[in-house]
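Q: Sequences are here, hints too, so could you generate the full structure?
Number of protein chains: 4
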Amino acid sequence: MLKVAVIGCGYWGTHVLRNFNNSPLWELAWMSDTDETQIAKARKNYPKAKTTKDYQDILNDEDIDAVAIATPVDSHFQIAKDTLLAGKHVWVEKPLTSTLAEAEELARIAKEKNLLLNVDHTFIYTPAVQKIKEIIKSGELGDVLYFDSVRINLGLFQHDINVIWDLAPHDLSILAYCTNKKAVSVNATGSCVIEYSGKKIENLAYVTINFEDESIAHFHVNWLSPVKIRKIIIGGSKKMLVFDDMENSEKIKLYDAGVSVTEKEDIYESLVQYRLGDMSSPALSNKEALAWEVEHFAESIKSGKATLTDENMGVEVVRILEAANKSLLENGKLIQL
Amino acid sequence: MLKVAVIGCGYWGTHVLRNFNNSPLWELAWMSDTDETQIAKARKNYPKAKTTKDYQDILNDEDIDAVAIATPVDSHFQIAKDTLLAGKHVWVEKPLTSTLAEAEELARIAKEKNLLLNVDHTFIYTPAVQKIKEIIKSGELGDVLYFDSVRINLGLFQHDINVIWDLAPHDLSILAYCTNKKAVSVNATGSCVIEYSGKKIENLAYVTINFEDESIAHFHVNWLSPVKIRKIIIGGSKKMLVFDDMENSEKIKLYDAGVSVTEKEDIYESLVQYRLGDMSSPALSNKEALAWEVEHFAESIKSGKATLTDENMGVEVVRILEAANKSLLENGKLIQL
Amino acid sequence: MLKVAVIGCGYWGTHVLRNFNNSPLWELAWMSDTDETQIAKARKNYPKAKTTKDYQDILNDEDIDAVAIATPVDSHFQIAKDTLLAGKHVWVEKPLTSTLAEAEELARIAKEKNLLLNVDHTFIYTPAVQKIKEIIKSGELGDVLYFDSVRINLGLFQHDINVIWDLAPHDLSILAYCTNKKAVSVNATGSCVIEYSGKKIENLAYVTINFEDESIAHFHVNWLSPVKIRKIIIGGSKKMLVFDDMENSEKIKLYDAGVSVTEKEDIYESLVQYRLGDMSSPALSNKEALAWEVEHFAESIKSGKATLTDENMGVEVVRILEAANKSLLENGKLIQL
Amino acid sequence: MLKVAVIGCGYWGTHVLRNFNNSPLWELAWMSDTDETQIAKARKNYPKAKTTKDYQDILNDEDIDAVAIATPVDSHFQIAKDTLLAGKHVWVEKPLTSTLAEAEELARIAKEKNLLLNVDHTFIYTPAVQKIKEIIKSGELGDVLYFDSVRINLGLFQHDINVIWDLAPHDLSILAYCTNKKAVSVNATGSCVIEYSGKKIENLAYVTINFEDESIAHFHVNWLSPVKIRKIIIGGSKKMLVFDDMENSEKIKLYDAGVSVTEKEDIYESLVQYRLGDMSSPALSNKEALAWEVEHFAESIKSGKATLTDENMGVEVVRILEAANKSLLENGKLIQL
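Chains A, B, C and D, in that order, give the protein sequences. The numbers in the numbering used here rise by one with no breaks, and the one at position 208 of the first sequence is 198. The numbers in the numbering used here rise by one with no breaks, and the one at position 113 of the second sequence is 103. The numbers in the numbering used here rise by one with no breaks, and the one at position 218 of the third sequence is 208. The numbers in the numbering used here rise by one with no breaks, and the one at position 181 of the fourth sequence is 171.
Relax, there's no trap hidden among the hints.
Each pair may be met inside one copy or between any two copies, as identical chains are not told apart.
The calculated DSS-like cross-link candidates involving lysine-lysine, where the alpha carbons are at most 25 Å apart (straight line), are:
id: 1; residue 1: LYS172; residue 2: LYS190
id: 2; residue 1: LYS228; residue 2: LYS190
id: 3; residue 1: LYS316; residue 2: LYS189
id: 4; residue 1: LYS171; residue 2: LYS190
id: 5; residue 1: LYS241; residue 2: LYS218
id: 6; residue 1: LYS323; residue 2: LYS190
id: 7; residue 1: LYS277; residue 2: LYS31
id: 8; residue 1: LYS221; residue 2: LYS241
id: 9; residue 1: LYS218; residue 2: LYS277
id: 10; residue 1: LYS241; residue 2: LYS171
id: 11; residue 1: LYS218; residue 2: LYS228
id: 12; residue 1: LYS121; residue 2: LYS218
id: 13; residue 1: LYS171; residue 2: LYS101
id: 14; residue 1: LYS277; residue 2: LYS34
id: 15; residue 1: LYS241; residue 2: LYS228
id: 16; residue 1: LYS189; residue 2: LYS228
id: 17; residue 1: LYS(-7); residue 2: LYS34
id: 18; residue 1: LYS221; residue 2: LYS123
Please keep in mind that the hints were generated in silico from the structure rather than gathered at the bench.
A: The structure is reproduced here in structure tokens:
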């Protein structure tokens, strides 16, 4: 059984704690937080694990195989770097770091030290995203022409990162995992329509990603929508796919919609028409994403192979986030990647 | 009874013909088309109206009060100009013209000649848009913070105009009518992911409009979506509104969603939270938009007052379309209006 | 070209008139109504057809091949009988008659005279019902275990017939056409929760139909629902089908849901579990039902074959309606057919 | 702090255990099950509580204030009776017992001994049902004309009780709680379309309940539906309410739909028409039902007042279940209550 320590026992940390604790492959050995209250709560639920306010205690423990970092984004770099230098595998919440330079440095260290650096892009481990990857890989969609995502709801306002850094990592990881497209440039627009805590933090934003071919991706991320929408449309040259994560069942629908040329009698109408055919919706398993990711992390450590959400994905996501943020500050200007 | 001539008897022209013919305020006197087949069809349905291939015959008829132009966009300018110079009121399909310069010239002529120049932005006459205008005007939403529209489906590909010129006029007219915001700049991205007829005509696009205050509008227009979505979200400082035109009933939903400050025990969560309250959905009348517009056009001619969709709206819509197109060609660059 | 007369030019009559008039196989020769206003309206739309208040004028016209009867239900019997005795084919609105005895007499006369007696169960001619029939016939569903229909909305209250006679004919015809089950008995409950016009006419009702095997059908019909629901669920031993007529697309969904035996660790849970697999939704044609029925009626007259909705279906529907009504009056008592 | 014992640690028992354990008002003192495996699992989660296979150990413990019974239905009577005779308050899963006679005997004993007998009709404690009760009580709906519930999905087959005993208790308790109507008779139809375990246990059923006035209730319960529906429509003389428990938000919609008399020009149309007005959807709290019920049970014990789901509701539900079952066996015959 591998031994893990969890640093950061806040909102998402509780999910990480629970899943490592429930796994037969892991022993939850340490828990750390800078806040005494969080430590107290964690201790009540997992009385067998040791606790500390100073994560150096964990790094000094030779028995620890891996450390899971669920702290605010701007602390990821230092803690992850210290952990890797202490020779331990890292599981870190998304996004990997606050800057591309930091992300690249962590990736370099992980490779040098031959350690795993798993970024917790949990969505990749959902049955829905696994199915989408499988469908695209099989060629059923044909070429991916566009990827459009809407991820909006009435959410908590983050006070350290804007809505792009908060929500877009989900879409960026899904995009990277499901398609093998090379992003070449980014545009982003958005606004801070509600100001709070004295800072200008964008509450809603629109990001366009341009690829080498003419294909395109677009994300709408928004903390201020009265309706919760989690919908991705992937247009392919053969079929089209809609992933609606708010559906209880039928989350994925696959449409047989191909181009066909039609002669119309009315000269004002076009000669090209899309044809809509049968739709199908594959059954999905009930596997919990985080539970599988925890298991996969353990197996990857044992086999020495990278996880599905390794440092390369983590770096790529931060690269686009940083460029999108730059574009946002420069009024939507095209930023080369 | 006023006398009207209809030029252009194609797809949309048949709706215009039917509504002028059904109206007790109008006599359908002339019908014109460059295509004999269209004329023959029109004659079968409206045997009493005269027909011609040359619209000059209509302009020469002193009895004609108004001319409705339902031809392809790039012919609007010449026909509308000739009609105004012949001293007749004009009803023209949207968008008003292909260029801002042309739109402004038509507007100038109409004002000089004291003639009505009604642009058929039909949506303005729907019970739903009338209700939205009423709600915003009453102050119930508070300040409009953002306007987000998705207008996508698997549609006919136009071969003369791209998807922005085809679909965005709907949203631009609704935006202009319902809010009194002054647009200052535009960004647009998009792509021609399906090529046809040897030309590069964008099939999908994203347009951001920036206003003087920090508020923002965004349109997603797309001919290539397997699902048909016609959804506008308007975020206000007091309430938020969703207009879903695909709903049979409950097209408009109004959410009582105001900002509230909450103290959370977990330091990783924000202090600012939006609160979602009651929702209400107003009943809408069954009035047909085009029938009302035809009636309103007649009454405006009699009273000498501008229509709800006059040349000012027509020019403003073309101004933004032209700027959006420019931004599209310059990789999303911010274009000042 | 066959010649048709239409008797009854009210609400549904206008649809019948339009479709016969549009058909290249029919000449609309006569129109009749007891109400002058209706005749005047019909004459305006179809100036070439002759009109009369007395349908005997039509029966005396030797050129007439068929008569379409779109009058109130209790007048169907006499008009249809007179028409058949005059040697003309009959198209009659549903339900065929007000009593089983009348329905059987009409059926007998039609057979004796070798004339077609088409009952306008329009639903049978919709692409959706044609597809359902095809799916069931192919064996894809397996045995039909149950048929459950909900057909409710806030509708006009009929003042001559109750909600069962008004709405259940749709479901009864679909049931009869799509399955070949032999109904053996009926139960019905319901109530007149809103009284009007001094009569007790049930506004909502529930009908159960029992078949020879253990399978069962149930209809919920209701004029008083704030939401419009038109949903039929057909449970099969292999697959299950949902027909939701309120959907714009995806009207039919086919679920791969078969029985499977599962061993559960918890003794309080059952050993039998249903498994839900993939779903698919076939594309449907856009053919208009009434247009096709009018064409099919003409072709059936020419070929001498029965229509899909002949007197046998008409009689079977009335048989069950009469029995359901009897059960309703006897507090839900089982009525043998 | 009150002391509780839980008998039956299976599927639903785990929820009961968790909620009593989490409550600051309760100490979870004992856990019992006839199955060693269940006891072992429970002990792992709640190591401080004592365990036993023989519930007499619990009844002999003078410190125990209340016993929660989460065993199969046919064991409820004996365990609950023993518990009451031992002088302890009872919480028992729904339905209260398998027969009306048993239910009435338990109610009598509870009253004699002045002990609480809470039947766990959890739905009563949901924010949605609390809101429905509040709306009806306020008179906003006017008189309740009908209550229609559909509660269907592809569920586990119970092997001891049929679908009416499994699912209808939810609707019966909601009906009883929200309206104060006196049921006078019952009809039920249904079928065992899938046989298993050698017994005939109905998988789908339809129950009609008749009230003293002309109003009516109807339940469709079904283990064999490919789609999960949990929808209750309550028609009132002033407004109508739809409760859709599958909605994430907007679970309750209230329609302003009143009767109005309309003169129609077409004689074939009725003179009475329902009018559909505005709709509103109240915000609901996030309170967890079972947590509140556990708290309410403790407070009721302290105050000596009955719970919202006391023996009277428990008896009434069983009375109708027994009558419905009788009707089912007698082919839908009306059974007086």
